[in-house]
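*Asks:* These are the residues of each chain, in order.
2 protein chains.
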Amino acid sequence: MALDQVLAKIDADLPAAMDRLMELLRIQSISTDPAFKEDCAKAADWLVADLNAIGIPAEKRETPGHAMVVGHVGEAGADVPHVLFYGHYDVQPVDPLELWNSAPFDPQIEDTPHGQVIRGRGASDDKGQLMTFVEACRAWKAVNGSLPCRITFFFEGEEESGSPSLVPFMEAHKDELKADIALICDTSMVSRGVPSIASQLRGMLKDEFTITGPRIDLHSGSYGGPGLNPLREISRIISTFHDDQGRIAVEGFYDGVHEVPEDQLRQWQNCGFDEEEYLGSVGYTQPHGEAGYSTLEQQWARPTLEVNGLWGGYQGAGTKTVIPSEAHCKITCRLVGDMDPDALRKNFRAHVEAQLSTDAKVTWNQDLDGSAASVMDITRPEFTAARAALSDEWEREAVFCGMGGSIPIAGFFKSILGMESMLIGFANDDDAIHSPNEKYDVKSFHKGIRSWARVLEALTAR
Amino acid sequence: MALDQVLAKIDADLPAAMDRLMELLRIQSISTDPAFKEDCAKAADWLVADLNAIGIPAEKRETPGHAMVVGHVGEAGADVPHVLFYGHYDVQPVDPLELWNSAPFDPQIEDTPHGQVIRGRGASDDKGQLMTFVEACRAWKAVNGSLPCRITFFFEGEEESGSPSLVPFMEAHKDELKADIALICDTSMVSRGVPSIASQLRGMLKDEFTITGPRIDLHSGSYGGPGLNPLREISRIISTFHDDQGRIAVEGFYDGVHEVPEDQLRQWQNCGFDEEEYLGSVGYTQPHGEAGYSTLEQQWARPTLEVNGLWGGYQGAGTKTVIPSEAHCKITCRLVGDMDPDALRKNFRAHVEAQLSTDAKVTWNQDLDGSAASVMDITRPEFTAARAALSDEWEREAVFCGMGGSIPIAGFFKSILGMESMLIGFANDDDAIHSPNEKYDVKSFHKGIRSWARVLEALTAR
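Chains S and B supply the protein sequences, listed in that same order. Under the numbering used here, the first residue of the first sequence carries the number 20, and numbering increases by one thereafter. Under the numbering used here, the first residue of the second sequence carries the number 20, and numbering increases by one thereafter.
One or more hints might be untrue.
Remember, identical chains collapse to one label, so a pair may be satisfied in a single copy or spanning two.
Claimed, not checked - Keeping only pairs whose Cα atoms sit at most 20 Å apart, straight-line, the calculated EDC-like set for lysine to aspartate or glutamate is:
(1) Lys160 x Glu227
(2) Lys380 x Asp125
(3) Lys433 x Glu345
(4) Lys462 x Glu412
(5) Lys197 x Asp98
(6) Lys462 x Glu42
(7) Lys28 x Asp359
(8) Lys61 x Asp98
Note that these hints are calculated values from the structure, not bench results.
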């Protein structure tokens, strides 16, 4: 059978695949730092050359920022599925450099208690993950002479610097990029060895407000007592955001929030997530979110209203007896289900305004945006097929997991291209992405490649 | 009668007195800026020379910082009162310079709707006020050949830069400086034309704490929900400091606080304080302190717990989805009556600690001090005498007022020299001390000199 041959080819070719990944990892494609602009171009060129070497037509497409890499195989109109695969070739900066045990762009194979790892910047985020799909295609092509379905390859080089060129590029190339479904390999497994497909991503609402009390900074010798203090005011207002059960007390906040279905909850309960380790590693002895919900529910399926910045008055050494004129607060909300960011912003602002004391004023930052949650339609046959394929490879039932973060690309695929995304990733929580000593398990790389071969086969066989 | 002659001499000598003040105002004695060290010495020299010119033995006394000026007239053991007069010859910096309408050290006489003023840095704080006493002595000496009582002159040059040399100098010269009572001219009248003697100064407790939640900064995509957020935690804790009536909810906070006696309250009610103007000038439509207390009571006779600084998380442009590890708060309390700063600190810290959620920790800045309130014994005959003298001069009954601020020198006179202070000042609230375009009313200067002549006479006549 073709799949078995492909898997055997993958196994045999693993050392060469690792060499290729190491080559890509040596390119210092830090997108946020203009000093590495040439390196980013080099990474894009490398990918174009590698796709071409497999026999996949691809090219570098310039943008005002770093280039996209776009490739296509398969004909329009053919009676096979059409998938788009997305990844990014840019990486995070490496500082603090002194915390790395080896040079970040001189990747090393290391033995660890969890097996061999590839150590280096971008190993997990996202070059290693991106290459799992490319290597699966290479093996498939080598064994069968062609790929099993129509595939669009879409790699960007600005994911770690806010993707400024992404939406304009997608808007300008809708017809070229639209496929039946997007495959994204940029996420983790819920726990080591448990294959995971994201079924929901939280959205985000950003807001920021300033509370003004007195017209000017006051001396607390004169106005301490009769003076309204915006620092006390903002603290009081923030303290009304949640009730004593951790539930958000903003009216209408939970409109569009749905309870997690029983069968999905059961999957989550059995997904191998180690709550104690997850909380304990950062110094918590218990979850602190809404009472009555598990840690995973709080993180994946419940909305949040989080204060990310708070400041006002004197922050230097010693004391300044000031009643400041202003106090500032930055918040983000994580959205789930059908929560509407625009309605939520209105409700949130109304809540703050309703709390204001006489003589206190609030002003709002008008430049912050919001995005709804992504809830995948996991009843689609692609999800069923992929789940079975992953379960076969990892010999453990794949989980439809949530994700606490907000991955904008999935929202853009939906809103701009009308395309669902299936996020399958093989990273582990200990990969130290964005941190010194980033690594990717060789097992993730190897079984990731095998997983994609199985998924491609399963998608095509449907 | 001698007093009448002295007052007449003061009136006749006013133009010359103003010239002398202008001379002193031209010296750029900014104590906090090392660039003006020579100027500070020059101001001290000027004062020594001026006291000597009157016939008062005085000298510049070096310290590790700016010099003290100390002078003495009268013999120890003589059967006359002994007063110490305190003032400071240093001034605040002048920036922002562009907001001054004339050069800060080129003093001008200007006409204003409230009469003539002397415009320039230090005119009100404190050179003009200091010179009211010196000019009164000059006139008295000129008319009578000697002063009516024993007087120690004590001028410092570091009041605007934290008085680092003051306590060591006082400790080292206790016997020399100790008098029956200290006279301090560095305060305002409660309202224009209403002579005022401070009968109570609030003390101060300083504290600062840090709330730690997670061990490290967290990403709100991962830990938003189950994560304890120290910014929310600190806001909630701060919101427990006061109840909804503006009363401080820290247990034991009001130990040692006394209600203002009826007769004093009546004085305050009739002291001409314009509450609407006072609050309205900074943007308030009402007082915001403890319900049931007037603005003046809130400011002079009630304790406070004020947040002066609050910060944590991200303060830059845009958004950072962080749950920070730490949040910080600086507070000061104003103390009244017999409140004990040490007990208060214990109670305050116990309150914060009792509010902590599981997994939240608090750490305290151990370097911040506290000082008790100063409550003057206004039954002493000097207060009665001075009140009558001031009432005569201003043709309006003098008020025993409170002061919202904390004037450390009064506390030092009490604690180091066992000496009560009587604070009599002629500044007005619109003098713009510490601000551009500082001024001193010519009326304050003129009637201030006359007031001191009357006070000296009244103190001696007792």
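*Asks:* All hints are to be evaluated individually against the structure, with a verdict given for each.
*Replies:* Going through the hints against the structure:
{"no.": "1", "hint": "Lys160 x Glu227", "result": "neither (51 Å within a copy, 66 Å between copies)"}
{"no.": "2", "hint": "Lys380 x Asp125", "result": "neither (55 Å within a copy, 41 Å between copies)"}
{"no.": "3", "hint": "Lys433 x Glu345", "result": "neither (40 Å within a copy, 37 Å between copies)"}
{"no.": "4", "hint": "Lys462 x Glu412", "result": "within (12 Å within a copy, 94 Å between copies)"}
{"no.": "5", "hint": "Lys197 x Asp98", "result": "within (16 Å within a copy, 104 Å between copies)"}
{"no.": "6", "hint": "Lys462 x Glu42", "result": "within (19 Å within a copy, 85 Å between copies)"}
{"no.": "7", "hint": "Lys28 x Asp359", "result": "neither (48 Å within a copy, 81 Å between copies)"}
{"no.": "8", "hint": "Lys61 x Asp98", "result": "neither (36 Å within a copy, 97 Å between copies)"}
The structure does not agree with the numbered hints 1, 2, 3, 7 and 8 stated previously, though it agrees with the rest.
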